Amino acid sequence: MSHFLVVILLFALLALVFGLILGYAAIRFKVEADPIVDQIDALLPQTQCGQCGYPGCRPYAEAVANGDAINKCVPGGEPTINKIADLLGVEPPQGEGPVAAPVKKVAFIHEDRCIGCTKCIQACPVDAIVGAAKLMHTILRQECTGCDLCVDPCPTNCIEMIELPQTPDTWQWELARIPVKVVDKHE
Amino acid sequence: MNSLLEQIRKGKLWDFHGGIHPEEHKQLSSQTSLLEAGLPPLLVLPLKQHIGSPAELCVQVGDRVLTGQPLTAPSSPMQVPIHASSSGTVVAIEEHTVAHPSGLSEPCILIQTDGQDSWRPRDPWPDYAERGNDELLARIHQAGIAGLGGAGFPTDIKLKGAQAYAQREPLPLLIVNGCECEPYITADDRLMRDEAAAIVEGITLLQQILRPQLTLIAIEDNKPEAIAAIRAQVKNAHTLVKVLPTKYPSGGERQLIEILTGRQVPSGKPPSEMGILVQNVGTLYAIRQAVVEDEPLIRRVVTLTGDRLAQPGNAWVRLGTSVRWLMQRFGLDPEPGQRVIMGGPMMGFTLPHADVPVVKTSNCLLAPSQRSLPSRDEEINCIRCGQCAEACPASLLPQQLYWYSKAGELDTAEQYRLFDCIECGACAWVCPSNIPLVQYYRQAKSQLRNQRQEQAQAERAKQRFADKQQRLEEERLERDRRMQAANEARRAQLKDAGGEDPVAAALARIKAKQAAQAVPTVAEDPIAAAVARAKAKKAAREAEAPEVTPAATADDALANPEASPASEAPAADPRQAAVAAAIARAKAKKAAREADAPEVTPAATTDDAPANPEASPASEAPAADPRQAAVAAAIARAKAKKAAREADAPEVTPAATADDAPANPEASPAAEAPAADPRQAAVTAAIARAKAKKAAREAAADNSAPPVPPSSKESD
Chain A
1 MSHFLVVILL FALLALVFGL ILGYAAIRFK VEADPIVDQI DALLPQTQCG
51 QCGYPGCRPY AEAVANGDAI NKCVPGGEPT INKIADLLGV EPPQGEGPVA
101 APVKKVAFIH EDRCIGCTKC IQACPVDAIV GAAKLMHTIL RQECTGCDLC
151 VDPCPTNCIE MIELPQTPDT WQWELARIPV KVVDKHE
Chain B
1 MNSLLEQIRK GKLWDFHGGI HPEEHKQLSS QTSLLEAGLP PLLVLPLKQH
51 IGSPAELCVQ VGDRVLTGQP LTAPSSPMQV PIHASSSGTV VAIEEHTVAH
101 PSGLSEPCIL IQTDGQDSWR PRDPWPDYAE RGNDELLARI HQAGIAGLGG
151 AGFPTDIKLK GAQAYAQREP LPLLIVNGCE CEPYITADDR LMRDEAAAIV
201 EGITLLQQIL RPQLTLIAIE DNKPEAIAAI RAQVKNAHTL VKVLPTKYPS
251 GGERQLIEIL TGRQVPSGKP PSEMGILVQN VGTLYAIRQA VVEDEPLIRR
301 VVTLTGDRLA QPGNAWVRLG TSVRWLMQRF GLDPEPGQRV IMGGPMMGFT
351 LPHADVPVVK TSNCLLAPSQ RSLPSRDEEI NCIRCGQCAE ACPASLLPQQ
401 LYWYSKAGEL DTAEQYRLFD CIECGACAWV CPSNIPLVQY YRQAKSQLRN
451 QRQEQAQAER AKQRFADKQQ RLEEERLERD RRMQAANEAR RAQLKDAGGE
501 DPVAAALARI KAKQAAQAVP TVAEDPIAAA VARAKAKKAA REAEAPEVTP
551 AATADDALAN PEASPASEAP AADPRQAAVA AAIARAKAKK AAREADAPEV
601 TPAATTDDAP ANPEASPASE APAADPRQAA VAAAIARAKA KKAAREADAP
651 EVTPAATADD APANPEASPA AEAPAADPRQ AAVTAAIARA KAKKAAREAA
701 ADNSAPPVPP SSKESD
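Taken in sequence, the protein lines are chains A and B. Residues in the first sequence are numbered from 1 upward in steps of one, following full-length UniProt numbering. Residues in the second sequence are numbered from 1 upward in steps of one, following full-length UniProt numbering.
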């Protein structure tokens, strides 16, 4: 009988010790935020354009983590969908939503038509437009995410989305044609 | 380190992994001494000729510039200025094809030379030994010197890195790179032979700045004349001339360090972290010229070689000289499909066309015949022979890099140390399948770089978005706070002025109304109920409003005199009538504003005044211009409406009268613009009728309104 008691006591003691260890670990090694949201957010293009229906990229990342469709990101296009699908281990949805990697564009203000109404400045999610009331506005090209949000509010249609010209810095070797070209004879 | 220096002093040499021994072809151009290429008619100077960003422009189109005059002004260390290579006039600042394999354009300054080559005032420092380090480094930066070996890294940044090390502890090694291992190129060889004294003076200068424990001048053993020339000039016990066995690419910075010290530079770190500084002999010459002669970097030695050139050799070429001009000058006899390669056959690139300028990093122009340097044959499949891995001087696995680059698995390629590849081309040279391996690596590298840039931009956009949200939130809170404060202030002011609290008053009014409405709800008959409601309303209103009659008369008085001038305008000239009406309007407005101050009642009524005169000219401009009349009527209507609304607030009775007033004159123009446009007249009349009806109904509802019978006017 006493053996029996000793065994029960021993196990109770062990349970207590392990419980304490587990409890401590739960507090000590607590994971703060939902890491999946951060991971999804890192895959999104951060244009903050709101075309997905959420106010910014992080809210959409949270929505995706909560089960929203993964194909709502227009600027990210198919590459982003595939990356999120990879991350979440789901099949990328076929034949719907945005397709094909979109060309990166930036906004450009035609200065002769700008009347300085500041409407685009208010619309820009990343503060990439400088200007003041009744003064000409201009885009900070480096900061523009190409989200398109400034185009509609403009009352004079002076904002255009243009492709960035290729420079030697952004140029990539094309393997198909490693340039070997004719140098003409004397002019 | 000291034992290592001891070993080096004793003459020990190490070796690096791999390397190749291609045919040299150096005899072709090394036989003649340095020439002066001459002044081309046009100089094209790209704003950016180094690694980093271009400096700020400081000349304009049309400016006359002197030789050596700076054209751009740097505002950060990564910006290197450029200088006018000869005197002349700036004819354009525009995009021009630059020396880049893409054949793309970049901003360039175009200078039409005048042939004088007149210098800007110079300030030579033969006494450089007495100058401070900062002074010397600033001068090197201002002279626009960027590594002339080929990479174009800003020299003063490299020197400052070494100087930072030298300030912590003595810098062990300064290495002067005179290897020039690439086939065909002999620019450094010729420079060492012809300008050995100046190069050694440049070394002395760097020794003064950095105080290295040991200086090594490394030259490959295929340049015996250069070795002899430099040896003759070196008289310093701490400067050794090291003769290296010829092997490509021993001139690579990391490979050279490995040969001379047996140590490898850690991946991704500059050699200055190991206390080693490597400088090309051309750069040393440029440093010496900049400091001692005050000659900024406006010219460099370029090897002009290849078996299609009649006079191959080495020449001093002004930066910005067109390749086409040089080729013609040195007797290019082009074969069909002639290629011109900038740089050597291993690391250079074929120019897209010959109208590109020579820049700070162009060490060689090669015009080979198809026979001597055949174009690469068609690429065939990799047979996994592994020769590339044996040849790789950076001990990489070129085959793996190739597979991953080709498959687009860039991350994996990066794990295989893609960025340690120096693009020397040894792997492609040994490849039996003719695979252009280096091109694959270059493409993968640029893709990775673009990816990183995009990632960095996304990160910045995220941050800016968060910042904006925060700012908007703060602004909103601030606005709310301000509004609340203002409201409280206003309430307090009203209380102080003795008036009752408007909010309390409004509440009381609403209560009274509700009480009045609550009474007749019992009635069953809707008509009876309505009558009861109207009665209650009237009672309530009468209780609130004092009297009406004097107000009404006051408004008549005001309205009449102002209406008269307009009505006397001759019917013949509607425009004049309109002007008169406008004046009348302005007057009435002013009167109204003045009247507004003392009492409330006349203010409400004076609002009628503008309506009347406006109506009259219209009514007297008859068949001539019905459209104008209609416009005037519309304006009058809008005014009257506004007046009515304003008048509505304080009391109700005068408001009712005001409503009648606009109705009347509006009716008149319509009636008096007769046969000209019957349809329009009909419409206007209908509107007027509707208005009048409404006014009448309101007037009827509260009998206190003065007896202005709208129906009488309506009838005509």
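Among the clues, some could well be false.
Examples of chain B residues toward chain A, derived with CB under 8 Å [what the hints assert, rightly or not]:
#1 Val98
#2 Arg211
#3 Pro432
#4 Gln443
#5 Lys468
These are computed hints drawn from the structure, not numbers from a lab. Since the structure is predicted, the reported quantities are computational estimates derived from the model, not experimental observations. We treat Cβ as the ideally placed atom computed from N, Cα and C, and that holds for glycine.
Now for the hints, and whether the structure bears them out:
{"no.": "1", "hint": "Val98", "in the structure": "holds (7 Å)"}
{"no.": "2", "hint": "Arg211", "in the structure": "violated (37 Å)"}
{"no.": "3", "hint": "Pro432", "in the structure": "violated (19 Å)"}
{"no.": "4", "hint": "Gln443", "in the structure": "holds (4 Å)"}
{"no.": "5", "hint": "Lys468", "in the structure": "holds (5 Å)"}
In this structure, the earlier hints numbered 2 and 3 are contradicted, and the remaining ones agree with it.
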